[in-house]
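> Could you put the whole structure together from the sequences, leaning on the hints where they help?
Those sequence lines, one after another, are chains A and B. Taking my numbering, I'd label the letters of the first sequence as residues 28 to 525. Taking my numbering, I'd label the letters of the second sequence as residues 28 to 525.
Hint data in this document are derived by calculation from the structure and do not stem from the laboratory. Hints are supplied without guarantee of correctness; some may be wrong.
Among the chain B residues that face chain A by a calculated CB cut under 8 Å, a handful are [what the hints assert, rightly or not]: (1) Tyr-141; (2) Leu-434; (3) Thr-448; (4) Gly-517.
Distance ranges between label pairs, derived from CB positions [stated by the list, open to error]: (5) Asn-211/B / Pro-277/A: 45 to 55 Å; (6) Lys-337/B / Tyr-428/A: 36 to 46 Å; (7) Ala-327/B / Lys-519/A: 33 to 43 Å; (8) Asn-40/A / Gly-361/B: 53 to 63 Å; (9) Gln-304/B / Glu-127/A: 47 to 57 Å; (10) Gly-361/B / Asn-211/A: 56 to 66 Å; (11) Lys-519/A / Arg-163/B: 48 to 58 Å; (12) Val-285/A / Val-522/B: 49 to 59 Å; (13) Gln-488/A / Glu-389/B: 17 to 27 Å.
Covered by chain A, per the in silico footprint, the following chain B stretches (three or more residues, Cβ under 8 Å) [claimed, not checked]: (14) 145-155; (15) 366-378; (16) 470-477.
Note that beta-carbon positions come from the ideal geometry of N, C-alpha and C, so glycine has one too.
Read off the chains here:
Number of protein chains: 2
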Amino acid sequence: MTTLYDDRRPYDNFDATTREWDAIFIGGGASGRFGSSYFRAMGGNQLTIEMDNHLGGKCCKNACVLHHYLYEIAVELDKARIWDKKEYWPKFPQKNGKVEILPILRDYIVGREYVFDFMFHQSKEQLKLQFMLNRRASIVDPHTVKVEGKGDFKTKNIIVAAGAGPAMPNVPGNNLKGVYTYANFLELDYEPKDVVVVGASKSGLPWACFFNAVGCNTTVIEMMPALSQFPIDDDVRDYTLRMMKIRGLPVLDCTTLVSINGNGSVKSVTVKGKDGQEKTIKADLVYLGTGCTPRSKLVAPLGAKIGPKKEIIIDKYMATSVPGVYASGDITGGVMEMWKARQGGMMAAKNILGNPEAFETELFADTVHTFYETTWVGMTEKEAKEKVGQVFVARMPIQGYKNWLPLPLCEGTMEFAHQWTDLSGYQKIIYDAKTRKFLGAQHVGYGGKDSFQYLLYMIKQGATIDDIANLTELFINPTHFIQLSRLRSGMKNLVDLG
Amino acid sequence: MTTLYDDRRPYDNFDATTREWDAIFIGGGASGRFGSSYFRAMGGNQLTIEMDNHLGGKCCKNACVLHHYLYEIAVELDKARIWDKKEYWPKFPQKNGKVEILPILRDYIVGREYVFDFMFHQSKEQLKLQFMLNRRASIVDPHTVKVEGKGDFKTKNIIVAAGAGPAMPNVPGNNLKGVYTYANFLELDYEPKDVVVVGASKSGLPWACFFNAVGCNTTVIEMMPALSQFPIDDDVRDYTLRMMKIRGLPVLDCTTLVSINGNGSVKSVTVKGKDGQEKTIKADLVYLGTGCTPRSKLVAPLGAKIGPKKEIIIDKYMATSVPGVYASGDITGGVMEMWKARQGGMMAAKNILGNPEAFETELFADTVHTFYETTWVGMTEKEAKEKVGQVFVARMPIQGYKNWLPLPLCEGTMEFAHQWTDLSGYQKIIYDAKTRKFLGAQHVGYGGKDSFQYLLYMIKQGATIDDIANLTELFINPTHFIQLSRLRSGMKNLVDLG
Numbered sequence: 028m029t030t031l032y033d034d035r036r037p038y039d040n041f042d043a044t045t046r047e048w049d050a051i052f053i054g055g056g057a058s059g060r061f062g063s064s065y066f067r068a069m070g071g072n073q074l075t076i077e078m079d080n081h082l083g084g085k086c087c088k089n090a091c092v093l094h095h096y097l098y099e100i101a102v103e104l105d106k107a108r109i110w111d112k113k114e115y116w117p118k119f120p121q122k123n124g125k126v127e128i129l130p131i132l133r134d135y136i137v138g139r140e141y142v143f144d145f146m147f148h149q150s151k152e153q154l155k156l157q158f159m160l161n162r163r164a165s166i167v168d169p170h171t172v173k174v175e176g177k178g179d180f181k182t183k184n185i186i187v188a189a190g191a192g193p194a195m196p197n198v199p200g201n202n203l204k205g206v207y208t209y210a211n212f213l214e215l216d217y218e219p220k221d222v223v224v225v226g227a228s229k230s231g232l233p234w235a236c237f238f239n240a241v242g243c244n245t246t247v248i249e250m251m252p253a254l255s256q257f258p259i260d261d262d263v264r265d266y267t268l269r270m271m272k273i274r275g276l277p278v279l280d281c282t283t284l285v286s287i288n289g290n291g292s293v294k295s296v297t298v299k300g301k302d303g304q305e306k307t308i309k310a311d312l313v314y315l316g317t318g319c320t321p322r323s324k325l326v327a328p329l330g331a332k333i334g335p336k337k338e339i340i341i342d343k344y345m346a347t348s349v350p351g352v353y354a355s356g357d358i359t360g361g362v363m364e365m366w367k368a369r370q371g372g373m374m375a376a377k378n379i380l381g382n383p384e385a386f387e388t389e390l391f392a393d394t395v396h397t398f399y400e401t402t403w404v405g406m407t408e409k410e411a412k413e414k415v416g417q418v419f420v421a422r423m424p425i426q427g428y429k430n431w432l433p434l435p436l437c438e439g440t441m442e443f444a445h446q447w448t449d450l451s452g453y454q455k456i457i458y459d460a461k462t463r464k465f466l467g468a469q470h471v472g473y474g475g476k477d478s479f480q481y482l483l484y485m486i487k488q489g490a491t492i493d494d495i496a497n498l499t500e501l502f503i504n505p506t507h508f509i510q511l512s513r514l515r516s517g518m519k520n521l522v523d524l525g
Numbered sequence: 028m029t030t031l032y033d034d035r036r037p038y039d040n041f042d043a044t045t046r047e048w049d050a051i052f053i054g055g056g057a058s059g060r061f062g063s064s065y066f067r068a069m070g071g072n073q074l075t076i077e078m079d080n081h082l083g084g085k086c087c088k089n090a091c092v093l094h095h096y097l098y099e100i101a102v103e104l105d106k107a108r109i110w111d112k113k114e115y116w117p118k119f120p121q122k123n124g125k126v127e128i129l130p131i132l133r134d135y136i137v138g139r140e141y142v143f144d145f146m147f148h149q150s151k152e153q154l155k156l157q158f159m160l161n162r163r164a165s166i167v168d169p170h171t172v173k174v175e176g177k178g179d180f181k182t183k184n185i186i187v188a189a190g191a192g193p194a195m196p197n198v199p200g201n202n203l204k205g206v207y208t209y210a211n212f213l214e215l216d217y218e219p220k221d222v223v224v225v226g227a228s229k230s231g232l233p234w235a236c237f238f239n240a241v242g243c244n245t246t247v248i249e250m251m252p253a254l255s256q257f258p259i260d261d262d263v264r265d266y267t268l269r270m271m272k273i274r275g276l277p278v279l280d281c282t283t284l285v286s287i288n289g290n291g292s293v294k295s296v297t298v299k300g301k302d303g304q305e306k307t308i309k310a311d312l313v314y315l316g317t318g319c320t321p322r323s324k325l326v327a328p329l330g331a332k333i334g335p336k337k338e339i340i341i342d343k344y345m346a347t348s349v350p351g352v353y354a355s356g357d358i359t360g361g362v363m364e365m366w367k368a369r370q371g372g373m374m375a376a377k378n379i380l381g382n383p384e385a386f387e388t389e390l391f392a393d394t395v396h397t398f399y400e401t402t403w404v405g406m407t408e409k410e411a412k413e414k415v416g417q418v419f420v421a422r423m424p425i426q427g428y429k430n431w432l433p434l435p436l437c438e439g440t441m442e443f444a445h446q447w448t449d450l451s452g453y454q455k456i457i458y459d460a461k462t463r464k465f466l467g468a469q470h471v472g473y474g475g476k477d478s479f480q481y482l483l484y485m486i487k488q489g490a491t492i493d494d495i496a497n498l499t500e501l502f503i504n505p506t507h508f509i510q511l512s513r514l515r516s517g518m519k520n521l522v523d524l525g
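Right, dumping it as structure tokens:
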């Protein structure tokens with residue numbers, strides 16, 4: 028296969044006779060590409076300028092897709108490890124005591140080319156987008172974008188969708204060889220043995236579990252109480268952490284990174300623990316899951332309003348403080364997720380082309396990957412009790428039962444459920460006991476993520492326990508919410524089940 | 028662990044002072060147990076009589092749960108087989124050229140005890156059901172049930188939920204050793220090598236794929252054109268069949284079973300093929316995925332109306348032709364699925380206790396397991412074109428693209444998508460191009476099942492492409508419907524994407 032992605036030469040695909048564009052998108056990542064597509068679909072004349080050599084952004088380059096790739100391999104290796112005792116299961120691979128990481132990354136790098144190529148094909152041939160690759164853009168004024176090597180482009184509107192880059196903690200040794208973020212992880216050129224992951228975060232935990240699953244001695248350090256940043260109940264948090272602990276993955280929480288130590292390359296990290304004492308942890312690799320910083324300096328020439336975390340401030344209509352200039356995606360800070368980037372681009376397009384709609388980002392389903400996905404939507408039990416008073420909760424596993432629950436609580440754990448029942452997941456659903464309305468749900472397991480976006484729709488529709496009990500479930504689901512709701516929904520006064 | 032399930036002694040858990048019950052449920056399977064729970068939750072006084080030694084029915088004994096257990100093991104072994112070439116992946120197990128089946132079944136039989144115990148605990152302690160186990164019931168008149176060893180019980184209503192048993196094709200040799208259905212499969216006591224599965228059906232295909240995945244030389248024979256009984260489009264059907272074919276699992280369709288041959292035990296089967304010619308296929312095991320027959324003889328003493336497939340005829344309110352007698356679940360024929368059994372029991376309860384509601388069973392999501400799940404809901408593309416005219420279809424993989432699609436189209440295929448892209452699934456979503464309404468969806472892959480029950484809710488709510496484009500997807504989903512909808516939903520006149 029030949030692709031465009033072998034070199035860094037600029038690539039241009041647009042009508043050069045255009046004198047003024049309806050909109051120029053700076054950045055062809057999730058937000059820029061989806062925004063451009065929607066804009067184009069509405070009939071607008073758009074141009075998208077991407078500084079990298081492909082569309083689709085960092086997601087398919089080295090961030091979200093890599094994150095999920097490593098997560099899925101971690102799950103498979105974890106299962107192989109658990110099932111290792113079964114005579115009918117392949118033996119867990121042991122080469123120098125661990126699974127090699129470099130071939131896994133090589134596979135990713137090869138496969139990535141196909142993703143880039145598909146994004147290119149779909150954008151050009153199906154969506155008819157106009158775009159440039161390998162070209163840097165800067166903003167001259169609200170209606171002029173300067174493109175390196177091409178000069179000035181006039182436009183009615185600018186949508187800034189240039190994303191964010193890794194945020195590095197400002198500690199000694201943060202530039203040593205062996206310090207990685209998602210942005211340089213694919214440059215790894217040795218097999219690590221002792222790994223410290225900084226941040227029990229959405230971006231740190233899947234990497235930590237991957238390192239553990241391949242057999243690295245791995246430790247997570249986290250400034251806050253573990254998983255406290257996620258709106259989940261204590262029982263769900265405890266289960267998630269316990270599943271890491273029994274696999275030999277400690278999370279040192281309320282612990283601060285003091286320094287990364289080494290001579291040229293990483294040898295250890297020094298941390299300050301809960302007890303206020305400093306201690307040193309051996310490490311030949313440090314992975315920083317410490318978040319991202321928006322690339323907002325792009326709008327500095329305009330004097331557009333910037334927030335304390337370098338995010339571009341926008342209103343509900345995606346407009347910055349400068350008329351004619353919009354921003355969308357990671358560059359606007361807050362939750363840096365796909366749906367927000369994609370949908371934000373689409374909302375910017377709608378608002379520019381005269382179909383204004385406010386972008387509501389308050390309610391969303393979210394997930395953190397460990398060896399499982401911990402997924403949540405809506406209110407927690409605790410929050411619901413504070414807000415509506417009497418709530419009804421259905422939970423699996425149930426409490427006070429002498430054995431662990433032998434039902435698979437997620438996809439791919441029929442065998443866990445029958446053999447290592449504790450490992451098969453955890454879930455709960457929360458209703459308002461008076462109005463019977465569905466308020467929220469949480470799930471630890473595999474294969475439940477896809478449901479949660481639809482569960483949010485049901486919450487927004489005002490669905491009740493009776494609506495959920497009337498759904499037609501497909502046998503054993505990752506989320507048993509329908510069955511559990513059905514068992515109790517005959518009651519006028521709902522009594523917890525779980 | 029000690030359970031009640033070691034012996035066949037009767038077990039009674041009910042208030043013996045009750046002179047007349049509100050309802051007696053005959054059968055404590057999916058329908059009887061959920062119906063009883065709902066009835067109890069509504070305040071009714073119920074008694075449930077189960078002839079087997081556990082609640083939960085054949086589902087958790089030897090049917091659906093076993094079916095899913097074998098499916099999931101087949102998926103894992105299939106992945107192990109595919110990934111076998113990767114240096115970081117465990118080698119595919121080879122013992123006498125195949126994976127042993129008997130230890131897999133032993134694991135299931137052990138694990139099943141926990142399921143029985145949980146069902147018992149939940150029913151007794153949490154749901155406060157009254158029930159008998161290991162007791163056969165017969166119907167004396169519409170208000171009298173005779174229980175073996177206990178005498179007559181008076182009741183206002185009877186709900187017949189006694190399920191169905193395997194349907195055996197009437198051919199010579201159907202009683203040879205080596206002929207199995209789900210009902211006796213756990214009695215398997217040898218390692219088969221050459222397997223013929225009769226029926227490319229929901230019940231036959233997962234077994235066939237399991238036999239193939241463990242390394243048995245396996246052939247499926249089917250009377251009809253392959254997969255023609257499922258409401259899916261040709262492209263989805265072709266992909267499903269191709270995925271079986273490339274794994275060495277042939278489906279001989281339009282082929283009839285003539286005889287099962289052997290001397291005491293099975294040696295071969297004779298079939299009549301498409302060409303009208305008979306031929307013989309070597310086999311040391313024949314698995315019959317030829318459906319189930321309702322146990323409707325229970326209602327014969329009442330003269331209740333029975334249909335041509337021995338199903339008890341009921342109205343939309345679960346009532347049989349005999350006043351006071353209801354029926355629910357597999358015994359009523361048609362689609363024999365969990366949701367129908369469970370929800371039917373619940374509807375019977377509602378209708379008896381004066382909260383009448385018609386049970387709509389026309390629209391439902393459904394799935395067939397092969398090496399993947401092929402799942403569908405609503406209209407096919409073909410049906411939609413006939414019914415509404417102009418439709419919009421979004422599909423992955425897209426057509427006319429020189430490479431295969433490198434995006435994972437389902438859970439657990441990030442690595443497939445990057446390496447064996449053809450294997451990562453298939454999906455499509457169908458909208459009415461004029462009203463923009465969501466009409467139907469189909470998915471081949473893993474982890475999509477759980478979404479489809481919610482997608483049906485959206486169809487019933489009248490959701491449009493714009494509603495789906497506004498959902499907040501959780502990154503890479505098994506079902507890419509949201510993203511695909513978003514890319515095009517800006518268009519007034521929708522143009523297919525895929």
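> Hint says 36 to 46 Å; check whether the CB-CB distance for Lys-337/B and Tyr-428/A agrees.
Check passed, 39 Å falls within 36 to 46 Å.
> Let me know if the C-beta of Thr-448/B comes in closer than 8 Å to any C-beta of chain A, holds or violated.
This hint holds: Thr-448/B lies near chain A, its Cβ roughly 6 Å from the closest one there, short of 8 Å.
> Apply the coverage criterion to the region 366-378 of chain B and chain A: a residue qualifies when its Cβ sits closer than 8 Å to a Cβ of the chain, and three qualifying residues are needed.
It holds, with 7 qualifying residues against the three required.
> Is the gap between the beta carbons of Gly-361/B and Asn-211/A within 56 to 66 Å?
58 Å, holds
> That 17 to 27 Å hint for Gln-488/A and Glu-389/B (C-beta), does it hold up?
22 Å, holds
> With a Cβ-Cβ cutoff of 8 Å, does the region 470-477 of chain B contain at least three residues near chain A?
holds (count 5)
> Starting from the hint 47 to 57 Å, judge whether the C-beta atoms of Gln-304/B and Glu-127/A obey it.
Since the Cβ atoms of Gln-304/B and Glu-127/A sit about 53 Å apart, the hinted range of 47 to 57 Å holds.
> Is the hint on Gly-517/B kept, meaning its closest Cβ partner in chain A is under 8 Å away?
With Cβ-Cβ at 3 Å, under 8 Å, it holds.
> Taking 45 to 55 Å as the hint, is the beta-carbon distance of Asn-211/B and Pro-277/A inside that range?
49 Å Cβ-Cβ, so the 45 to 55 Å window holds.
> Does the beta carbon distance between Val-285/A and Val-522/B stay inside 49 to 59 Å, or does it fall outside?
57 Å, holds
> Using the C-beta atoms of Lys-519/A and Arg-163/B, is the stated range 48 to 58 Å upheld?
Since Lys-519/A and Arg-163/B have Cβ atoms about 35 Å apart, the given range 48 to 58 Å is violated.
> Interface hint check: Leu-434/B, Cβ to nearest Cβ on chain A, cutoff 8 Å. Holds or violated?
Holds: closest Cβ of chain A sits about 7 Å from Leu-434/B, inside 8 Å.
In this structure, the one hint that does not hold is number 11.
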